[in-house]
Structure formats: C-alpha cells, structure tokens
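Chemist: From first to last, the protein sequence lines stand for chains A and B.
In terms of this note's numbering, the first sequence has 223 at position 223, counting the first letter as 1, and numbering is strictly consecutive.
In terms of this note's numbering, the second sequence has 82 at position 82, counting the first letter as 1, and numbering is strictly consecutive.
Hints were generated in silico from the structure; no laboratory data involved.
Check the hints yourself; a few may be wrong.
[Said to hold, decoys possible] DEER-style ranges, computed between Cβ atoms:
1) A:L119 <-> B:R143: 25 to 33 Å
2) A:V37 <-> B:V114: 37 to 45 Å
3) B:W21 <-> A:A226: 54 to 62 Å
4) B:Q106 <-> A:L38: 55 to 63 Å
5) A:G253 <-> B:V164: 37 to 45 Å
6) A:N112 <-> B:S121: 53 to 61 Å
7) A:V84 <-> B:R111: 35 to 43 Å
8) B:L117 <-> A:T90: 43 to 51 Å
9) A:E79 <-> B:F167: 29 to 37 Å
10) A:L119 <-> B:P140: 42 to 50 Å
11) A:G253 <-> B:R175: 43 to 51 Å
12) B:R143 <-> A:I247: 17 to 25 Å
Glycine residues also receive a C-beta, built at the ideal position from the N, C-alpha and C atoms.
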Amino acid sequence: MPLPQGTTPSYQPARWRWFLSRVLIIVLVLTGALLMVLNRSSVRFGDSLSAAALDSVAPVLSAMRAPFEWIKAASGEVESYFLVRSRNRTLEREVARLQEMESRYRTVLTENRRLKQLLGIIEPRQDVVGAARIVGSTAGSYVRSAIILRGARDGVAVGQPVRDADGLVGQVIDVGHTSARILLLTDHASRVPVRVEESNRTAIAAGMNEKELVLQFLSPGRPLKAGDRLVTSGDGGTFPPGIPVAIITNPHGPEPRALPVANPGGLDFVTILRPFVPEAIINPDLPAAADGAPQPSAQASAGSR
Amino acid sequence: MTEPWALLSREERLALAASSWRRVMPTVMTILSVIGMVLPVFLPGPILPHLPFLCVFYWSIHRPDLMPSWAAFLAGIVVDATLTLPVGLNATLFTVFSAGLASQVQVFRSRPFVFSLAVGSFVVLLFQLLSWALLLIFQPGLRLEPFLVQGVVTLAMMPFVFRVGAFLQVRIVDRF
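Make a model of the complete structure from these sequences and hints.
Modeler: Shown next as structure tokens:
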C-alpha cells in the first residue's frame, strides 16, 4: 500500500538496512582482529584451516598447470627443431668434457672413500620420503612458498628438507592430507646453516623475501669471492650436509649476498628428505631430574627413522 | 519466501537459479584470483601482484551491492588460508577497504580509468603499508621494501584486472 504523501514513514527499511550493514562491518572487522590476536597468541591456530585450503587448492593448481606444461613442451619442440644442429655440436663438446671430468672424479672418489675408511668416517645418508612435482609457488611480500602434491598420507611431515636436482629448495612447513607447503629459502623466516665450499667458513643463509639470500654470522676465514658455492653444513640437524644452496654474488659488506641455485618457480620435481638428525624422543615414563631436565638415560634415542 | 518458490514451475526455478549465479561472480572472481597468485609461472617482477585486492577494489567501486562486507571478509579468509598468512589479516583489511570504497561510489561514477588509477595508487599504497604494519606484530623486523615493490607491481596489474572486471560486469553481471 503506498504511503500517504507528506508524512514521514515510521518504518524505513533502507535506513535499517544501512544501519545493519554498518553493524555487520564493525562485527566483521572485530572478528578479523580477534582471529589475528588468536593467531598471534597460538602459533598452531589456523593450521587446520590452512591445511584444508592447501588440500583444496592443490588439485586445482595441478589441473591449471597443464597449459603451462604444453607451452613449455611446445617451445621446447620449436627450439629443438631450429637449433638441432648447433645443440648437437654443443652437446658433443659437453660429453667430451664430462667424460674427462668423470674419469678424474672416479679417481678422487675412490681415494676419498679409502681415506674415509682409514679415518673411520661415516657419511650421513640422505633418506628420501618421496618425489613430488611443484604445482604452485607464491612470491608474496610476506611469504615465499611452494605447493607440492604430496601430503601426510605419503609420509610428508613438517620440518622435512626439500631439494631439487640443482640444490636445496626449502623446508616443509604445512602439511595437508594430500598436499604440502614448502617454505622457500628466500622467505623472510628461512634460516639455513651453510658452509662455503672453498674456504670452509660457516654462516647462516637468511631469506629476505627477495631473490637473493644474505649471509649472517659468517665465521672468520679466507675472504669470500663472487662465484663461491654454499652448501648445507648440517648444523642444527635438519638439512643433510653437502646439499648445494647458493652461489655468492656479492661478497662485500657485512652481510654478503648469494643467489639460490634451485629455482622453484618452474614446474620441476623436488625430493623430500628426512631430517638429517632425527628428532629426540623423550620417554615420558622415565622420571625427570630434580631440576626439571630429563635424565641422560631418558634422552632420546636417535635412530627410529 | 517459500511460497513464490513453491509456486514456480521447474523451468522458472532453473531460470531464477541461472540468473542468480551472476550475483556471486564478484566474489568468485576475487577468490579465483588467489589461484593466480600461486600458479607456478615465471613473472618478470620479483613479487607477485595482490590480485584479490584489485578485485575487491574493482567490485567495491563498480558494484558495491555485489561486494558486501561479508563477501570481502570471506575472500580475505580464503587469501589468508591459501597464502599461509595470519588468518584474519586480509579478511580485516578487505572488509575495511571494501566498506570505505563502497561509500565513495559517487566519486568514481562517470570518471575515467585514469582517475581510478590515481586513487588506486594511494589506496594500494595504504593497503600495503597497513599489511606491513599488521605483519610487524607477527614478525618484528619485517622489511618494508618488498611491500612497496608489491604495491608497484599491483598497480601495474590494475589495468588488466579492471579490463577483466569490466568484461565480466558488462557481459555477465549486469545482465540480470
């Protein structure tokens, strides 16, 4: 029924709607702030939400990756068609060079093995959980991560190191049922103990959310050179020693810079490894020491993995 | 509400459902743009643009009725969960920015894209600064430069996102 003209309606739905929408905005902002506070107070809060998001996004990304693979394959085909002769010549030269290197490598390897036997050195093994393909990677201003299609059901767990054919990629930080997220070396939160191969100096390779890493806590020793290779030192017991990490690009200044050797932005396969030193397993049944620290016998046994 | 639905024929119900799905297009576009941020593609820039924020920006100034605060909040939660950001960060910022932009619809009406770009540069910078300030709570010592770079990259993607948004708006959303 139309309202009589000249009178003010007592009930104004538009005004009520406006009021309710403002109330809703305030409620939502307060809810968002509360979620952030909960996130700040508890690190584990939001993990299940993140894992669920990961499991739902990963298959979509896997399907959406197909066109990029086709483009990559097609460009490879075109390139090989036009460059087949020159590439053949380059490869022949490369094969000759590698054969010579292999011969020297075999000699050094045998000598190395013999010397290690004499000294009784036991080399750590790199236990592999499995291989997976990177289906997504993000380069945001806060997080640098990649998504793989392997999850808890495949034995992937938080903290496991991840590498590709070139070198270290990062570490598993988030595990869903069928997928997992890797914290890349370039992430602000990433810290990897490294060793300079040439001079044996140790340092921490820290991510900065940029393309390069910075070297912190560099031990004294021979000056660094551009092109020096950084490998994992094995300190801290997560990353197995000897995995290539980065190449020094700027050796000067208090915090030298290095470029990671692995490129997780592509469509490559990665290998998930078990941590170098297994986590300590504390037996809760054994009595704790008077100061609260566990007894030496109660400390962990390393070897379950 | 049930009576009209009950009175509708099967064909009418299908037609109603087909026309209603267009209303969720802005939210769907915003959520799908998150996937664009995690696709394994090589980009010339060092940091990916914040595509979901650009979607919220576009729909808030062009169809604020289809980008209500709850939809912006939901999209923000999806962004946070997918990109492993602190849950609630983008949800809060998206809600605030969508409400703020929606209240200024008249300012944007009948203005050229250059005007949106000029205002957008200020809004994107403010968004990035607020993101950085809030993330400092979680990670002290976080550097500002990556956020500023992301702001610039986001602005560079603005014409593309607005083009896609305009296409969807004209061809799909405004047709009901």
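Chemist: Each of the hints needs a verdict: does it hold here or not?
Modeler: Now the hints, each set against the structure:
1. A:L119 <-> B:R143: 25 to 33 Å: violated (45 Å)
2. A:V37 <-> B:V114: 37 to 45 Å: holds (40 Å)
3. B:W21 <-> A:A226: 54 to 62 Å: Since B:W21 and A:A226 have Cβ atoms about 57 Å apart, the given range 54 to 62 Å holds.
4. B:Q106 <-> A:L38: 55 to 63 Å: violated (38 Å)
5. A:G253 <-> B:V164: 37 to 45 Å: holds (43 Å)
6. A:N112 <-> B:S121: 53 to 61 Å: holds (59 Å)
7. A:V84 <-> B:R111: 35 to 43 Å: With Cβ atoms ~56 Å apart, the hint is violated.
8. B:L117 <-> A:T90: 43 to 51 Å: holds (47 Å)
9. A:E79 <-> B:F167: 29 to 37 Å: Given a distance of about 34 Å, which is inside 29 to 37 Å, the answer is holds.
10. A:L119 <-> B:P140: 42 to 50 Å: holds (45 Å)
11. A:G253 <-> B:R175: 43 to 51 Å: Violated, since A:G253 and B:R175 (Cβ atoms, about 59 Å apart) do not stay within the stated range.
12. B:R143 <-> A:I247: 17 to 25 Å: Once the Cβ atoms are compared, 23 Å apart, the range 17 to 25 Å for A:I247 and B:R143 holds.
The structure fails to meet hints 1, 4, 7 and 11 from the earlier list, while all remaining hints are met.
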